[in-house]
Amino acid sequence: MTSELVDYALVSVALLGIGIYGLAVKRNFIRMLFAVEIIINAANLNLVAFARFLPDSSGQTLALFSIAIAAAEVAVGLSLIIVAYRMYQNVDIADFRSLKG
Amino acid sequence: MGMLEITSTPMILVLILGTTGVALPIVSIARRERGSNSFYAVIAFAALAASIAYVGYRFLTGDVAESAVFSKDVLGDDAFGGFFAIAMIIVALFTTAGSFNYMRKRNSPAAYYSLILLATIGMVLVAYSTDLVMLFVAWELMSIPTYVLAGFLKKNPSSNEAALKYFLFGALSSAIIVYAISLSYGLTGSTNIGEVIRGLAALDPSLMPLALLSVGLFIAGFGFKMGLVPFHQWLPDTYEGAPPPVVALLAAATKKAGFAAAIRIVILGMVALSLDWTLALGIIAVMTMTVGNVAAIMQKSISRMLAYSSIGHAGYILIGLAVSPHTPLGLQGSLYQILNHAVMKGAAFIAIGGIVTALAVTHIDKLAGLGRKMPVTAMGLVLSLFALAGIPPLSGFWSKLVLFGGALDAGSTLWWAPWLAIAGVLNSALSLAYYGWITRKMYFEGEREKRIAEPKSVMAVMIFASIFLVGFGIYPEPLIQFVEFAAPVIP
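Taken in order, these protein sequences are the chains called A and B.
Counting from 156, one number per residue, gives the positions in the first sequence under this note's numbering.
Counting from 219, one number per residue, gives the positions in the second sequence under this note's numbering.
Derived by calculation from the structure, the hints in this document are not laboratory data.
A virtual CB, placed ideally from N, CA and C, is assigned to each residue, including glycine.
Hints may be right or wrong, so weigh each one.
[Unchecked claim] Computed Cβ-Cβ distance ranges for the label pairs, DEER-style:
hint: 1; chain 1: B; residue 1: ALA647; chain 2: A; residue 2: TYR243; range: 41 to 47 Å
hint: 2; chain 1: A; residue 1: ALA227; chain 2: B; residue 2: ALA671; range: 37 to 43 Å
hint: 3; chain 1: A; residue 1: LEU165; chain 2: B; residue 2: ILE224; range: 44 to 50 Å
hint: 4; chain 1: A; residue 1: LYS181; chain 2: B; residue 2: LYS323; range: 46 to 52 Å
[As the list claims (entries may be wrong)] Calculated pairs, SDA-like style, for lysine to any residue (alpha carbon to alpha carbon, straight line, at most 20 Å):
hint: 5; chain 1: B; residue 1: LYS674; chain 2: B; residue 2: ARG416
hint: 6; chain 1: B; residue 1: LYS373; chain 2: A; residue 2: VAL238
hint: 7; chain 1: B; residue 1: LYS674; chain 2: B; residue 2: VAL574
hint: 8; chain 1: B; residue 1: LYS373; chain 2: A; residue 2: TYR243
hint: 9; chain 1: B; residue 1: LYS323; chain 2: B; residue 2: PRO375
hint: 10; chain 1: B; residue 1: LYS584; chain 2: B; residue 2: SER519
hint: 11; chain 1: B; residue 1: LYS323; chain 2: B; residue 2: ILE261
hint: 12; chain 1: B; residue 1: LYS668; chain 2: B; residue 2: PRO593
hint: 13; chain 1: B; residue 1: LYS372; chain 2: A; residue 2: TYR243
hint: 14; chain 1: B; residue 1: LYS372; chain 2: A; residue 2: TYR240
hint: 15; chain 1: B; residue 1: LYS372; chain 2: A; residue 2: ILE236
hint: 16; chain 1: B; residue 1: LYS372; chain 2: A; residue 2: THR216
hint: 17; chain 1: B; residue 1: LYS372; chain 2: A; residue 2: LEU233
hint: 18; chain 1: B; residue 1: LYS518; chain 2: B; residue 2: TRP452
hint: 19; chain 1: B; residue 1: LYS591; chain 2: B; residue 2: VAL579
hint: 20; chain 1: B; residue 1: LYS659; chain 2: B; residue 2: VAL574
hint: 21; chain 1: B; residue 1: LYS373; chain 2: A; residue 2: VAL246
hint: 22; chain 1: B; residue 1: LYS373; chain 2: A; residue 2: ASN245
hint: 23; chain 1: B; residue 1: LYS518; chain 2: B; residue 2: TRP655
hint: 24; chain 1: B; residue 1: LYS290; chain 2: A; residue 2: THR216
hint: 25; chain 1: B; residue 1: LYS373; chain 2: A; residue 2: ARG241
hint: 26; chain 1: B; residue 1: LYS372; chain 2: B; residue 2: VAL574
hint: 27; chain 1: B; residue 1: LYS373; chain 2: A; residue 2: THR216
hint: 28; chain 1: B; residue 1: LYS584; chain 2: B; residue 2: ARG658
hint: 29; chain 1: B; residue 1: LYS373; chain 2: A; residue 2: ASP247
hint: 30; chain 1: B; residue 1: LYS674; chain 2: B; residue 2: VAL594
hint: 31; chain 1: B; residue 1: LYS372; chain 2: A; residue 2: ILE193
hint: 32; chain 1: B; residue 1: LYS290; chain 2: B; residue 2: THR225
hint: 33; chain 1: B; residue 1: LYS373; chain 2: A; residue 2: VAL231
hint: 34; chain 1: B; residue 1: LYS373; chain 2: A; residue 2: SER234
Only chain B is shown next, with the shape it has when bound in the complex (with noise of 0.2 Å):
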């Protein structure tokens, strides 16, 4: 294991990131105060910007590596880490700014933001990571504090059950995720991913059964944190219960971390293995979605529904795993979909926190008015919620195209892969569906209702949204571009 260069985009961001996190409950306990909520939220969000800076600084000098590299050290500072780095701080971003009205009046913010910062190392790190050490403590980096974050209000007993069932579920994850290191490293014996994956492709072929037992555990491993089915029961209960901008960081970011470490280990290590596990995926995929929209359709609670629908959205992104040995644009079109699944899904969530924190209410049916009520906000949830279905001319419907597409890409040589696009559809067809009907309550049900303060960082969080949903919807080609130049080419 060598040493990275200091000025290399993983280590300028553990600085930025992690000396704040560490000084936000220092200065919280110095400063001898409790409540000034804004004070610690601006210095979060100025930290994540600073550091979302100098990914895209990196980026337009060149000095960032292309698709995915294999480095000798623990780290590599290519464009496949910060592609994902970029995804994740824009959530990070999403929910400090999406708390600040939510966490007002509420106990000890500067734990809550110092928590969402180091949450953001680990999932970066897990993006960068080019060894399974790394990559193991990252993981935890980011598992362990929105554990702890899922459960922050302490007398409310959903966020509390939220909680312990993302625990439960999580701790089981990472401890699969071990056993599945330990495996290939004793059948490799490297834990730098690139000698693994070059050690799992010489391998004994008497030991095969150990290799697929490690690539089967690993998937497990990361399926809990995607959601993918069946590995997917905790996920409606936390979402429905933990405090709405920390779901967001949830749904929209960590869940992209456990596809940022899928991607570089198991499907690299599968094509190394030459293994036949497309189909394996696929109906993974499509048990996943249909799964998710067919729950979503039943929901009363629009956190629930969303929840479901992210499930789904799991599904989706799979698809383009399950084709990429077929064509490029199988991950192509999986980054592409996790970048704007990470804006939707976020300014979603942070929709409804603003519901919450102006209404106290994630019954469907009250959210009747809405649009009248709540002008901005409705506005963002409905252009996010049309964006998750691929409406088209939203940046959402560009990413389902890429991954359909390659989906029939790939039919050329795999004769069931275009079902897959069918399949992927009809679900958003499906998904249409339970969208609209939130539609229909938000603008066309309710009495004239006066329109009330809408919180407005959340009004900042809709307007960049929309922003970015319309804009690169309209105009897609720059990250287009951006995916094609992050995107892991399988050999």
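One chain only, chain A, in its complex shape (with noise of 0.2 Å):
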């Protein structure tokens, strides 16, 4: 494994540990659902500099669909947030309390 590699694969370990922690921190929706984001980036981040390193053309392949299907994901999301957001005036996951148990 060259060092360069290493970067890249620290660079993506420390945008994991963001993700996460702003995961387990945060109660707003669109924050959470940015660092799910961040973690998806970093997964590409790595197919694309093993792919680059390997060298291998099927992680720029899986990066690529990972980017199209996230795009997708995330329309999904907001869109369920903006119909929260008409009956709760609110975007805070805390809020959100009508099922308990």
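Two chains, two separate frames, one set of hints: put the complex together.
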């Protein structure tokens, strides 16, 4: 493993950590969505870096798929939050409390 | 990556379900009408019935490879995938039939049934995929429609909250899976599952921590969908708030897709890494079933109770995965339990859908006298609950027998494996307490109630499930042979 690849991997692990921190600490739905996106981008960075150093193209293929699918996922997530905002005038997940056991 | 024959099972399933799924909303726009739920339901049902018939036909003509294969293609036409395809399409048929009455007078039925078909393709392809890229795309094709389905009742705050929670955890699980895929790709230089497993087996020992991280992330990612403790927090809220027919699809089918992916990648990959991981999975199994069953006792809403019972069942299935390197009965028991659980849980949630449609209640105290009010629904629900508990003449008993028997069988090489069986039996006894409580409410409490009109489609599902559970309970041979044919063999 070359040292440059290690740099990419370190940045990617740092992004993974930021994403998990964001999910654990924030309660605003849109911020949590950002956190998930950061994790996906950490994985994409990994894929592209590995594909460059292997060298092999299937990692880049997967990165492209993952970017496209993440966009679809965000579209669904934002539409859900728009519906929630109309009901609660808020995007704070701690305020959504119609279900409890 | 090569191309698969056009007549292979996954290709034909994509063709049938995909074409119908995409065509339904287009037809709905072309017809310029709203409502007419039954038209779309019948088309979706026909497409699913045709798909399951084709899977069965491929099995009967013997064109399907035994067990799980690792081909160079992105999809493998093997018995393992076919087994999951049958389990998932049965649940999708339940959901489509069960939605027939539930969706009446609700908006956009065409989109609803189209999303069910698209999610079904996703689940089936997860079970068939032999390439990580395919697996990820199929996983998302399964997940994204179910996020929308969970929030389908736009005006209902519970449905929306259920969808939001499901979405957040689902998106996190997909993100973690991509990360795990990226690591295993970097370590082995391939995305083909067979080559990844071979690459991991020949891995440089200095890279072992990264391989461990990758396997751990895979377990976490799939564990969110399977509802393993500690990844289960979203599950009770989502199952309580989402429309009950959709919950049948989530609990009985998408959960099983998680197991399909986990068996193909994690279990076989861990064997390649020769890790001593069985104890870790065993501990998760015991935690999962105990948390599920103990929490289920305290619930007041029947959907929420079944959600926790569904967590408990993920624990039982995991027993088989934990002991799989030591006995072939492990994975066979898991697969058997997966098929039975698909029918039992699917039928139970469709019954709840029927109760919600007719009476608009989910609180357990309000179910008093249901045995007289809705006899067929109540009978189907009680049979499913008893099968879930594992009462002898029903099909659920045999799968638990194989599972716990596998754990005892592994006891010769694994000293703690029999304890898994003991924990499983104790948990089943515990679960009988709350299933028995619901049954007592339905049959032995309440005033002399008159019979009310039951939703006909729900009755059909109940009758099918009852025949399945009682029939394969009395005569389990065909299912046992099917499971033996489909279960992957660990070298």
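Outcome of the hint check:
In this structure the supplied range 41 to 47 Å holds for B/ALA647 paired with A/TYR243, their Cβ-Cβ distance being about 43 Å. Take A/ALA227 and B/ALA671: their Cβ atoms lie about 41 Å apart, and the range 37 to 43 Å holds. Hint check: A/LEU165 to B/ILE224, Cβ distance near 46 Å, so the stated range 44 to 50 Å holds. At roughly 39 Å, the beta carbons of A/LYS181 and B/LYS323 sit outside the given window of 46 to 52 Å.
With a C-alpha separation of about 52 Å, the suggested pair B/LYS674 and B/ARG416 falls outside the 20 Å cut-off, and the hint is violated. Between B/LYS373 and A/VAL238, the direct Cα distance comes to roughly 8 Å. Compliance with the 20 Å bound is thereby established for this hinted pair. At most 20 Å may separate the alpha-carbon atoms for a hinted pair to count; B/LYS674 and B/VAL574 meet this at roughly 14 Å. At most 20 Å may separate the alpha-carbon atoms for a hinted pair to count; B/LYS373 and A/TYR243 meet this at roughly 12 Å.
This hinted pair checks out: B/LYS323 and B/PRO375 have alpha carbons roughly 19 Å apart, not beyond 20 Å. The suggested pairing of B/LYS584 with B/SER519 holds, with an alpha-carbon distance near 10 Å, which does not exceed 20 Å. The straight-line distance between the Cα atoms of B/LYS323 and B/ILE261 is roughly 18 Å, inside the 20 Å bound, and the hint therefore holds. For the proposed pair B/LYS668 and B/PRO593, the alpha carbon gap of about 11 Å is at most 20 Å, so the pair holds.
Distance hint between B/LYS372 and A/TYR243 is fulfilled; the C-alpha atoms sit about 13 Å from each other, no more than 20 Å. Between B/LYS372 and A/TYR240 the CA atoms are separated by roughly 12 Å; this keeps the pair inside 20 Å, and the hint holds. A C-alpha spacing of about 11 Å is found between B/LYS372 and A/ILE236, which places the hinted pair at or below 20 Å, so the restraint holds. With a C-alpha separation of about 36 Å, the suggested pairing of B/LYS372 with A/THR216 is violated against the 20 Å cut-off.
For a cut-off of 20 Å, the pair hint linking B/LYS372 to A/LEU233 stands: about 14 Å separates their Cα positions. This hinted pair checks out: B/LYS518 and B/TRP452 have alpha carbons roughly 18 Å apart, not beyond 20 Å. Distance restraint check for B/LYS591 and B/VAL579: the Cα-Cα separation of roughly 13 Å lies within the 20 Å cut-off, and the hinted pair is therefore satisfied. For the suggested pair B/LYS659 and B/VAL574, the alpha carbons sit about 17 Å apart, so the restraint of at most 20 Å is met.
Between B/LYS373 and A/VAL246 the alpha-carbon distance is near 17 Å, which keeps this suggested pair within the 20 Å criterion. Restraint check: the Cα-Cα separation between B/LYS373 and A/ASN245 comes to about 16 Å, which is no more than 20 Å; the hinted pair holds. The suggested pairing of B/LYS518 with B/TRP655 holds, with an alpha-carbon distance near 11 Å, which does not exceed 20 Å. Restraint check for B/LYS290 and A/THR216: satisfied, since their Cα atoms lie roughly 17 Å apart, inside the 20 Å limit.
With a C-alpha separation of about 10 Å, the suggested pair B/LYS373 and A/ARG241 falls inside the 20 Å cut-off, and the hint holds. For the suggested pair B/LYS372 and B/VAL574, the alpha carbons sit about 17 Å apart, so the restraint of at most 20 Å is met. The straight-line distance between the Cα atoms of B/LYS373 and A/THR216 is roughly 40 Å, outside the 20 Å bound, and the hint therefore fails. Restraint check: the Cα-Cα separation between B/LYS584 and B/ARG658 comes to about 12 Å, which is no more than 20 Å; the hinted pair holds.
For the proposed pair B/LYS373 and A/ASP247, the alpha carbon gap of about 19 Å is at most 20 Å, so the pair holds. Taken as a hint, the B/LYS674 and B/VAL594 pair is honoured in the structure, with Cα atoms around 10 Å apart against an allowance of 20 Å. Annotation: proposed proximity of B/LYS372 to A/ILE193 is violated, straight-line Cα distance about 29 Å (limit 20 Å). For the given pair, B/LYS290 sits about 17 Å from B/THR225 by alpha-carbon distance, which is consistent with the 20 Å threshold.
Our distance criterion of 20 Å between C-alpha atoms is met by B/LYS373 and A/VAL231, whose separation comes to about 17 Å. The straight-line distance between the Cα atoms of B/LYS373 and A/SER234 is roughly 14 Å, inside the 20 Å bound, and the hint therefore holds.
Violation of the numbered hints given earlier is confined to hints 4, 5, 16, 27 and 31; the remaining hints are satisfied by the structure.
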